[in-house]
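Q: Here's the letter readout for the chains.
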Amino acid sequence: MIEGALWRRWVFYNIPLILFVFVLLFPFYWMIVTTFRPDGELYLPWNAPNYMPFWTNNPTLEHILYLFEETNFARWMFNTMFIALVSTIISLFCGVLAGYALARLNFPYAGGLGTAIFITYLVPQTLLFIPLAEIIRNFQLGDTPWSLILTYPTFLIPFCTWLMMGYFKAIPKELEECARIDGASRWKAMVYIIIPVAVPGILSSGIIAFTLSWNEFIYALVFLSSPDQKTVPVGVTSELIRGDVFFWGPLMAGALLGSIPVAIVYSFFVEHYVSGLTGSVKG
Amino acid sequence: MAEVSLHKLNKKFDTTHVVKDVDLQIRDKEFMVFVGPSGCGKTTTLRMIAGLEAITTGEIRIDDRVVNEVPPMDRDIAMVFQNYALYPHMSVASNMAFGLKMRKFEKAEIEKRINNAASILGIESLLERKPRQLSGGQRQRVALGRAIVRDPKVFLFDEPLSNLDAKLRVQMRVELKKLHERLAVTSVYVTHDQVEAMTLGDRVVVMKDGLVQQVGEPLELYNTPANRFVAGFIGSPAMNFADVTLVENGGKPVADAPGLRIGLPGELATRARAKTGRKATLGIRPEDIHIATPADAPEYCFEAVVEVVEQLGSEILLDMRVGEALMVASVEPTLRVRAHDTLKLALKPERLHLFDAETEAAI
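Those sequence lines, one after another, are chains A and B. If you read the first sequence in this note's numbering, its first letter stands for residue 1, the second for the next number, and so on. If you read the second sequence in this note's numbering, its first letter stands for residue 1, the second for the next number, and so on.
In case anyone wonders, no lab produced these hints; they're calculated from the structure. Quick caveat: nothing in here was measured; it's all calculated off a predicted structure. There may be inaccurate statements among the hints.
Stated by the list, open to error - Subject to a maximum C-alpha distance of 25 Å in a straight line, what follows is the list of computed DSS-like cross-link-like pairs (lysine-lysine):
{"no.": "1", "chain 1": "B", "residue 1": "Lys107", "chain 2": "A", "residue 2": "Lys188"}
{"no.": "2", "chain 1": "A", "residue 1": "Lys188", "chain 2": "B", "residue 2": "Lys153"}
{"no.": "3", "chain 1": "B", "residue 1": "Lys130", "chain 2": "A", "residue 2": "Lys169"}
{"no.": "4", "chain 1": "B", "residue 1": "Lys107", "chain 2": "A", "residue 2": "Lys173"}
{"no.": "5", "chain 1": "B", "residue 1": "Lys130", "chain 2": "A", "residue 2": "Lys173"}
{"no.": "6", "chain 1": "A", "residue 1": "Lys169", "chain 2": "B", "residue 2": "Lys12"}
{"no.": "7", "chain 1": "B", "residue 1": "Lys12", "chain 2": "A", "residue 2": "Lys188"}
{"no.": "8", "chain 1": "B", "residue 1": "Lys130", "chain 2": "A", "residue 2": "Lys188"}
{"no.": "9", "chain 1": "B", "residue 1": "Lys101", "chain 2": "A", "residue 2": "Lys173"}
{"no.": "10", "chain 1": "B", "residue 1": "Lys104", "chain 2": "A", "residue 2": "Lys188"}
{"no.": "11", "chain 1": "A", "residue 1": "Lys173", "chain 2": "B", "residue 2": "Lys153"}
As the list claims (entries may be wrong) - What follows is a set of in silico ranges between Cβ atoms, one per label pair, in the way DEER data are often shown:
{"no.": "12", "chain 1": "B", "residue 1": "Asp64", "chain 2": "A", "residue 2": "Pro172", "range": "30 to 40 Å"}
{"no.": "13", "chain 1": "A", "residue 1": "Ile89", "chain 2": "B", "residue 2": "Val195", "range": "53 to 63 Å"}
{"no.": "14", "chain 1": "B", "residue 1": "Asp64", "chain 2": "A", "residue 2": "Gly111", "range": "35 to 45 Å"}
Unchecked claim - Incomplete in silico selection of chain B near chain A, CB under 7 Å:
{"no.": "15", "residue": "Leu52"}
{"no.": "16", "residue": "Pro72"}
{"no.": "17", "residue": "Met73"}
{"no.": "18", "residue": "Met79"}
{"no.": "19", "residue": "Phe81"}
{"no.": "20", "residue": "Asn83"}
{"no.": "21", "residue": "Ala85"}
{"no.": "22", "residue": "Pro88"}
{"no.": "23", "residue": "Gly99"}
Idealized CB from N, CA, C, for every residue including glycine.
Just need the whole structure built from these sequences, with the hints factored in.
A: Pasting the structure below:
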């Protein structure tokens, strides 16, 4: 907190904070307003006499209904959920085990291997999708959810591994040593002691992995083609932008509904999430 | 019943040799303390006994069984760690039950043992709490309880009191001593604090640079240190040392240094005579120096200039310059003395120590 005169507090604290929050929240506000605004208002020219860009007096559900009645939106939601969940579970499982191994098992080149895994994360997706498309075609997985479920872990596993490796390193190794003296094998010590202690870290990487796959665009755009296989980001943008015509109402409705699950996941785990990122383990 | 014996134990981490040829017999029910400065190899030795560190060469036996290749879980030991290592997601009771559950004990038996240990340690009211809801001293007790319920052959302690504040440390030290008397289980205790070593140990191992310097009962280390390192490490305030030359004076051996000329009594004289003309280190503990009286023989008296007076209440510590050497004397609290005073002091001849200047071994 800034101390001193009132004007100092406003200039250095309150006003910047308000600006920051405004910049962050305005797109969401715009999305919500547009979702509920009737078409008649949406396409009004800016100099029309009753032009009211930030509010509507005639809220409508027509765009949401349009999404569900005229497009495969429900199907896209299901696809996205299914793909994000399965690829997150796969990535977490591998990431936790790999992170533990890199952090705790003293095998030769563990450090180098950790760095190598991280480097694969740095390869941009915009390059990686080209060879991956070839692989997807060879395995005949194109236009199925599996084309994404199996390719998302290529960037999720390095990410989870790296995050979990850091988290495991922050857990005092005495906990595990004590468990092993207490009669637990290495595996049991991991299952009963280390993993429960690492739950905040696992949740954090799970949430981030889930969000990353939920919002992923390029792979979904390239590997999926038929309308009922698409995910929300690809479906909404490809079906609701026709040529140069933007269906702003349904577009924004789709974006709004698409961001709700992520928002729920975040708010639900936010406490664990924060402690996971700051890595607090209290003995 | 458990004896632990270490035979020619060595540990190397890459190129650093941290434990060198340690030979030791820890007797049944004995409380053995490893003490030494940090990096002396004491913790590594303990961890090798626990099985947490592989042995480079040598052998560890618990009773008659060689345990070199036995995993920690099968050695029937319990260990208390410096940071307690309580499982943060488990209640106190579950923390204590974990080792027993892993060993597939009956539920009733687990409960009985937990209640028993909790009553010994006075933590009955804490059983449902989580570690983060406990104070440092309480955590320490739980860590002890977790070791006690296991009823192991050997207890291992890795600096268990160093995370406690000074007052609590003294209190827990006494409790540990009582606990050991009550349970009578072979214990190995690592500390860098010589006071803990002296008060807790049945016997004490002093280590330095991976080598055992001396093994003995606390008073044995205090009274007859094997070398200059042990002499300086055991005892507080530390023993005074002065570089001297051994010379003959009128047929009697004398330790001679500028401003300091001390006669050597009895047996010490005999041993010193063989080294006449050689350099040596004279050692005398602060508590063996007193203000000279007419009863003190002149050959054990010397003059000193007081530099600092430290009033401790129960005693006064005088930091003094004796010739070229700096010495500390512990004197009666009633003495009136000021900095820069010159005092005539005497030492107890039977408490003199001499160390070879090269090997540092006691003469």
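Q: Run every hint past the structure and note whether it holds.
A: Against the structure, the hints:
Taking the CA atoms of Lys107 (chain B) and Lys188 (chain A), the gap is near 20 Å; set against the 25 Å cutoff, the hint holds. For the proposed pair Lys188 (chain A) and Lys153 (chain B), the alpha carbon gap of about 23 Å is at most 25 Å, so the pair holds. With a C-alpha separation of about 23 Å, the suggested pairing of Lys130 (chain B) with Lys169 (chain A) holds against the 25 Å cut-off. Using a Cα cut-off of 25 Å, the hinted pair Lys107 (chain B) and Lys173 (chain A) is violated, with the two alpha carbons roughly 29 Å apart.
This hinted pair checks out: Lys130 (chain B) and Lys173 (chain A) have alpha carbons roughly 19 Å apart, not beyond 25 Å. As the CA atoms of Lys169 (chain A) and Lys12 (chain B) are separated by approximately 24 Å, the hinted pair is consistent with the 25 Å bound. For the proposed pair Lys12 (chain B) and Lys188 (chain A), the alpha carbon gap of about 29 Å is over 25 Å, so the pair is violated. Pair hint Lys130 (chain B) plus Lys188 (chain A) holds up; C-alpha atoms about 21 Å apart against a cutoff of 25 Å.
Distance check on the hinted pair: Lys101 (chain B) and Lys173 (chain A) sit about 21 Å apart at the alpha-carbon level, within 25 Å; holds. With a C-alpha separation of about 13 Å, the suggested pair Lys104 (chain B) and Lys188 (chain A) falls inside the 25 Å cut-off, and the hint holds. The hinted pair formed by Lys173 (chain A) and Lys153 (chain B) meets the criterion: a straight-line CA distance of about 24 Å does not exceed 25 Å. Taken as a hint, the range 30 to 40 Å holds for the pair Asp64 (chain B) and Pro172 (chain A), whose Cβ atoms sit roughly 35 Å apart.
Against the hinted window of 53 to 63 Å, the Cβ-Cβ separation of Ile89 (chain A) and Val195 (chain B) comes to about 55 Å, which satisfies the hint. One distance hint, 35 to 45 Å for the beta-carbon pair Asp64 (chain B) and Gly111 (chain A), holds here, with the actual separation near 42 Å. For the restraint placing Leu52 (chain B) at the interface with chain A, the shortest Cβ-Cβ distance is roughly 5 Å, inside the 7 Å limit, so the hint holds. With a least beta-carbon distance of about 5 Å to chain A, the hint placing Pro72 (chain B) at the interface is held under the 7 Å criterion.
Interface hint at Met73 (chain B): satisfied, since its Cβ lies 5 Å from the closest Cβ of chain A, which is below the 7 Å cut-off. Because the beta carbon of Met79 (chain B) sits about 5 Å from the nearest beta carbon in chain A, less than 7 Å, this interface hint is met. Because the beta carbon of Phe81 (chain B) sits about 5 Å from the nearest beta carbon in chain A, less than 7 Å, this interface hint is met. Checking Asn83 (chain B) against chain A: minimum C-beta separation of about 6 Å stays under 7 Å; hint holds.
Using the Cβ-Cβ criterion of 7 Å, the hint placing Ala85 (chain B) at the interface with chain A is satisfied: the shortest such distance is roughly 4 Å. Look at Pro88 (chain B): its Cβ gets to within about 6 Å of chain A, closer than 7 Å, so that hint holds up. Restraint check, Gly99 (chain B) versus chain A: the minimum CB separation of about 4 Å is within 7 Å; hint holds.
In this structure, the hints that do not hold are numbers 4, 7, in rising order.
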